[in-house]
Each structure stands twice: as C-alpha cells, then as structure tokens.
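Trainee: Given the sequences, and given the hints that come with them, work out the whole structure.
If you read the protein sequences in the order shown, they are chains L and X. The first sequence begins at 7 in our numbering and counts up one residue at a time. The second sequence begins at 411 in our numbering and counts up one residue at a time.
Just so you know, these hints were derived from the structure itself, not from any lab. Where is the CB? At the ideal position from N, CA and C, for every residue including glycine. None of the hints are false.
Pairwise CB distance ranges (calculated):
1) X/GLY480 x L/LEU366: 54 to 62 Å
2) L/SER64 x X/LEU456: 32 to 40 Å
3) L/ASN120 x X/GLU476: 26 to 34 Å
4) L/THR19 x X/GLY540: 41 to 49 Å
5) X/GLY513 x L/GLY230: 35 to 43 Å
6) L/ALA347 x X/GLY480: 39 to 47 Å
7) L/ASP176 x X/ALA602: 29 to 37 Å
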Amino acid sequence: MQFGIFTVGDVTTDPTNGTTPSEYERIKAMVRIALKAEEAGLDVFATGEHHNPPFVPSSPTTMLGYIAARTSKLILSTSTTLITTNDPVKIAEDFAMLQHLADGRVDLMMGRGNTGPVYPWFGQDIRQGIPLAIENYHLLHRLWREDVVDWSGKFRTPLQGFTSTPRPLDGVPPFVWHGSIRSPEIAEQAAYYGDGFFANHIFWPKEHFQALIGLYRERYEHYGHGSADQAIVGLGGQAFIRPRSQDAWNEFRPYFDNAPVYGHGPSLEEFTEQTPLTVGSPQEVIDKTLTFREHFGDYQRQLFLLDHAGLPLKTVLEQLDLLGEQVIPVLRKELDALRPAGVPEAPTHESLKAARDAALV
Amino acid sequence: MKLAVVTAGLSQPSSSRLLADRLASATASALGPTSVSVLELRDIALDVTKNLLTGFPSPALRSAIETVTGADGLIAVTPVFAAGYSGLFKSFFDVLDVDALEGKPVLLGATGGTERHSLVLDYQLRPLFGYLRAVPVATGVYAASSDWGSGEASGALQRRIERAARELAGAMAGQTASPSAGGFVPFEQLLAGAGD
Numbered sequence: 007m008q009f010g011i012f013t014v015g016d017v018t019t020d021p022t023n024g025t026t027p028s029e030y031e032r033i034k035a036m037v038r039i040a041l042k043a044e045e046a047g048l049d050v051f052a053t054g055e056h057h058n059p060p061f062v063p064s065s066p067t068t069m070l071g072y073i074a075a076r077t078s079k080l081i082l083s084t085s086t087t088l089i090t091t092n093d094p095v096k097i098a099e100d101f102a103m104l105q106h107l108a109d110g111r112v113d114l115m116m117g118r119g120n121t122g123p124v125y126p127w128f129g130q131d132i133r134q135g136i137p138l139a140i141e142n143y144h145l146l147h148r149l150w151r152e153d154v155v156d157w158s159g160k161f162r163t164p165l166q167g168f169t170s171t172p173r174p175l176d177g178v179p180p181f182v183w184h185g186s187i188r189s190p191e192i193a194e195q196a197a198y199y200g201d202g203f204f205a206n207h208i209f210w211p212k213e214h215f216q217a218l219i220g221l222y223r224e225r226y227e228h229y230g231h232g233s234a235d236q237a238i239v240g241l242g243g244q245a246f247i248r249p250r251s252q253d254a255w256n257e258f259r260p261y262f263d264n265a266p267v268y269g270h271g272p273s274l275e276e277f278t279e280q281t282p283l284t285v286g287s288p289q290e291v292i293d294k295t296l297t298f299r300e301h302f303g304d305y306q307r308q309l310f311l312l313d314h315a316g317l318p319l320k321t322v323l324e325q326l327d328l329l330g331e332q333v334i335p336v337l338r339k340e341l342d343a344l345r346p347a348g349v350p351e352a353p354t355h356e357s358l359k360a361a362r363d364a365a366l367v
Numbered sequence: 411m412k413l414a415v416v417t418a419g420l421s422q423p424s425s426s427r428l429l430a431d432r433l434a435s436a437t438a439s440a441l442g443p444t445s446v447s448v449l450e451l452r453d454i455a456l457d458v459t460k461n462l463l464t465g466f467p468s469p470a471l472r473s474a475i476e477t478v479t480g481a482d483g484l485i486a487v488t489p490v491f492a493a494g495y496s497g498l499f500k501s502f503f504d505v506l507d508v509d510a511l512e513g514k515p516v517l518l519g520a521t522g523g524t525e526r527h528s529l530v531l532d533y534q535l536r537p538l539f540g541y542l543r544a545v546p547v548a549t550g551v552y553a554a555s556s557d558w559g560s561g562e563a564s565g566a567l568q569r570r571i572e573r574a575a576r577e578l579a580g581a582m583a584g585q586t587a588s589p590s591a592g593g594f595v596p597f598e599q600l601l602a603g604a605g606d
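Mentor: Structure (structure tokens):
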C-alpha cells in the first residue's frame, strides 16, 4: 500500500491572520512539503497542474525534477497532468526525462483539469474534452512503447517516423493513473489499458465514486488485465490532525469556513459527516480511512490533501509528522493484513521492469 | 402511480402550496390510486444553497431529489417573484442532473398577486423544463389573487386545474419510455474516432 500527499498548489490567504504567501513562498513551500513527505516515511508526492491564478504549479516536471534531486525514495507523481491541452509528444518526453533523472521514481495521473478556459490557452477546443483525452493518451501510450511512430489524428499534426527522446528508462514506461470526478469514459479508458484509476474522492460523498470505481473494476476484468479486485485503485482523502480531537476542530474551523472550494457553505460538522474529510485525532483519521477500503475494496494508493485553504507551512509540516508517525504506520499494517494474497501492490518502476523481464524469459 | 409535487411558496399558508394541493388532488382523482409526495422547497432551501456551493446534495436534499426523479409525474409550482420564477425554485432544478427529468410528464403551475404575470408559465417555466427534456403538459395553471375569490373566477380556475390534471394523468398513464441509463460507451467506440 502506498501513502502520499497530493497538492493543488493554491495561493490562498490565511483567514486567521490575513497573510498571503507570494508565489515564490508557495512554490518553495510545496517543495519543502515534498521533502518532508519523504522524511516522514510517505511514499508519494503528487502535484497538480494549473495555468491560472491563484494556482502556481504550471510546470510539474520542473518542480518534480528539483524534488527528485533532493530525495531518494519518494515517488514523484501528478494530480493531474492535463492530457487534453498538453501535446502528448511533450508529455512523453518530459516524463521520460524525469524518469531518468529520478531513477525511475516517477508515475503520473492523467486528467482533464478543473477549468474550461484552459483549453483555448493551449489552442484546444473545450467541446472536445473527452475525444482529446482519448486520442492524446492513445498517442502517448504508443510513443513510450514504440521506438518509431507513424501516426495521424484529429488534434495535432501527423508524425512520420518519429522517436520521442529520451526513451523511457530501461524501456519501461511510467505507470499511468487516470483521474476523473464524473466521467465513466475515463474509468473505461483506464480499464482498457490496464492502467490505474484514481478517484479524487475528496469534497464529494462516497456514493458518487463507488459507481465509477465499480465500473473501472468490472471493465478491467472485461479487458483481461486481471480480476476486478486486482484492478489498481487510488483514492484521495483529506485530514486535519492534532493529538487532541478538539484542538483539531478549533484550529481547522476558520480554514474550513473560508476555504475556496467549500467555504461559506455547509458546516464543518456536515462536511466531515458527508465527505471523506476527517478532522480529529490520529485514531479518528485511522478509523475513517479504514472505512474507504470497506466502500471501494482493497486499493493500492492513498493520497491525502493537507496543504490548502491557506494553512501555514509550519502547520502542514506538523500534519506530515503526525501522519507519518501515528497514522500511516497503523494504516499500513492494518490494510496490509486485510489485503488478500491475489491483490497486487501499486506498480513501481522496479516491479514493472521485473514483470517485463519475466515475460521476456 | 407515484406523483411528486414541488412547491416553492415561502409563506404559511402559501398560495403556491394551495394551488399545488389542488392540482395534486385533481390529478390523483383522475388517475385512481396514487401515492402523492409533496416537497416544500422552503424546508430544504439551505440544503439547495449548500449543493450550489459544494456540488453535492445533503442526505435530505438527495432524498428529495430521489422523490422527484423516482415519480411517474411531477407537479411544479412557483410563486412569481420579480417577474419570474423564484430563485429557490430555479436553484432546485439547477442542482438536478441535466437528464434527471428526461421524459417525465410535468404539470406547470405558478401563483402571483396579479394576472399580469400569467405568461411566466410559457415564457419561463416551459423553456426550463424543455431544457431538462421533461414533458410539460399543454395546460399550465396560473392562479392570481383574484382567482381565489368566490364565484365565476374560482370556477374558471377549477376548470383549468381539472383540465391540466387530466392531461397530466393521461401523460402519466400513457408513459412507456423509461429514462436512459448511464451513457456508457465501450472503449473501442471511443477510440474509433481517435488517430492511429
């Protein structure tokens, strides 16, 4: 079981003191958070990709390359990489490059982004969201697996005898997750290729994602990649932890009440009741997170959102300490013990390379 | 048969609720045994607003939405505020999935202080339910304060109620198509449009 964090990279005013970090401060804070994730024993750091204020992470492989140089175990990922508006040729090259620099500690999550206007900023048509995701990924998949590609499609110029460089490390493409909040087409796409499916999960009730994950598992089996319970599932989660539950509630409430996504709406009590958000002691976070397995089946990757809504860096680093020391070791032990023998771990570069080599023998 | 009634009246008693009850009762009479569920949007107004902010319904709102989507027919009544349907009425239909009312027979009703707003049924409610691919029956019922008076005016209102109720009952009884499920497309079909 992999545990990690995913960040949106928002620049948000701290509602308790009115201070707003500069872009420089926020970018450096994201890096500090990633380094802390490794120190705290987490497995994965994933950054969002956004091209509009108040978000800073427009260039994920630049940031992840810098983090790669300063870490040794952490898997570097995205949440998400825009498969619709990035040229698949450039994605193939950027992430293969990152793979080499990071000694294989790279995977990525495909998504369509959270804002319509991004399409024209990169010369694309928002009405073609799903067709772009389908065609672009199909090309990306080939670019990583075929040394020389002839290709033509609807959304970019044809390729004649094209080789994207560098080739994937050891000839093994990065593992790909597909993230979606509402589109069955994306669950179907992930199942077709035998890739992972990541349900963002946060901010919404579980029922919403049960249907998508159920479809993905069923279709994963249909396409012959394994049984439904062997499909590779990742989930988001959101927590605010303090040793004493009441301290967590008191400290998090002003951030919740003013948060960009859900602020000025439901109460913190309603939101923790209705969504995966957990506010409380390490034990409460453990208990709530264990319910995810009951709702979605055995899964491979759990990412938490910790650094948003204007929470100060110091607080986020303390959250990582609590998560790393008191929450994740227990979850790791419990979930590993519950997982049936046939359910695989999330693929890594090493496991994919071993599987490839085994198939060649 | 299951009949859902949505009324956006805010006062107690509300003339929108009064009209909704009369429409429901006339429809049930025309249909025979009918289970009628009345939703006063006032009771879930905060939940509707929270859904606008978070993108998902509270348990109470989800239950209300399921009542509406699971019914064989719908009566939707709004008061006229500032020359149109009330914001709460529109907000409730804003948070439904776009295909949630597909093919559903709907009787449109509105109430107001004056007859001058009666075309709100045809200029505002009918396009809204057309967008939602619901099937509004031909007769909508608008009731102004003057219609609730005694004598000839209320007799005319009652006749319109009965005509609209007969149309809704007929549409509910004749309804055969069930809403389409899912929108699932196998990947080969998705990929067929992509490059190679």
